[in-house]
Amino acid sequence: MNCAEFSDRVFDFLQGTLHEEREEFVRHRSGCAACAGRLEGIRENEQILTGARAPSAPADLWPRIAAAIAQTRPIPFRLLRVASGLGAAAALLLAVTLFATGSAPRTPPLKLVVQEVAPESQRTFRSLVPKYEDVDAATAMVDTILRNDY
Amino acid sequence: MGGDDAALVRRHLAGDPDAFRLLYEKYGDKVFASAFRIVGEHHAAADLVQEVFVKIHGELRSFKFESKFSTWLFRVTVNHALNRASEGSRHTRIHEKIVRDGRGDPGGTKEGRPVDDEVQRALMQLSPKLRTVISLRYLEGLSYEEIAEILEISIGTVKSRLFLAHETLRPILKDVMLEQGP
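For the record, the sequence lines run as chains A and B. Numbering of the first sequence is given in our numbering, commencing with residue 1 and proceeding in unit increments. Numbering of the second sequence is given in our numbering, commencing with residue 1 and proceeding in unit increments.
Derived from the structure by calculation, the hints contain no laboratory data. These numbers come from a predicted model, not from an experiment. Possibly wrong hints are sitting among the right ones.
Restraint-style ranges between C-beta atoms, simulated for each label pair [claimed, not checked]: (1) B:29 to A:17: 27 to 37 Å; (2) A:53 to B:59: 25 to 35 Å; (3) B:59 to A:5: 37 to 47 Å.
Think of the CB as a built atom: it goes at the ideal place given N, C-alpha and C, for glycine as much as any other residue.
Just chain A, with the same shape it has in the complex (with noise of 0.2 Å):
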């Protein structure tokens, strides 16, 4: 074994996980002064290293991204707005009510209204809402959208 083939298994060495040329290692440790240097200066460093305190996140700093996580809300319907090629600002001016017309009693179709945006992001929404039954479910599901960042 060389000085290059030394430093290439010095870690799995360390680790104990070099088997078949331990052997061959440890003979060339025994037989190279500098490679033996290398590999108490590596033991020192870790021993060092490993005992070095990480430092702590700062305590508000949950608070922060929470605040950073809610500001990025505003924007709803990112998938549909995905999905029609709107911009985030049409996204932004969303409003959207849900009422009940009709009488089917199986899928009761549901009246949406949205304002302030796009037909193509009104066109996209409305495709969605028959699968939902009720205006309770399609509630549900415009605060599930809402709640989980679209």
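Assemble chain B onto chain A, guided by the hints.
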């Protein structure tokens, strides 16, 4: 650990408002420590961690559960930190001068032990890439395989970077050891 994380991710995706906070509570300190080791400054690390968690919150829906959540989280963190470190190389040099002049980290470290500051000062002598492997290996205690996965490099490259980092750190940390005594 991975299973717990996956369960928390699924809870978050199902609308559980506490799940994401629990992920932060589990990894916030570790992510902060890694960011701090790479960028070398408390306030910059805090800003970076905030960006990372906001980013993954927005992208969690696309998480495919093919790798561990922690691997993904550390990859995002490290990539952000390395970008920040390269963008802020001038700022880092100024910060290093502040540290050398004895004024310490403007943000301050909570623990504040001299040896920790010495170690951080030594790490700042390394390139960001070498700092990263040292941080992940010895401060986060990750395996070579995990580091390779996070950094998307081979295990051989992880080891060669570690070796080079140790060679650079040796004379600096030797002084630390002498100052600390046996």
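Here is what the structure says about each hint:
1. B:29 to A:17: 27 to 37 Å: Given about 29 Å between the Cβ atoms, the range holds.
2. A:53 to B:59: 25 to 35 Å: Holds, at about 31 Å.
3. B:59 to A:5: 37 to 47 Å: holds (43 Å)
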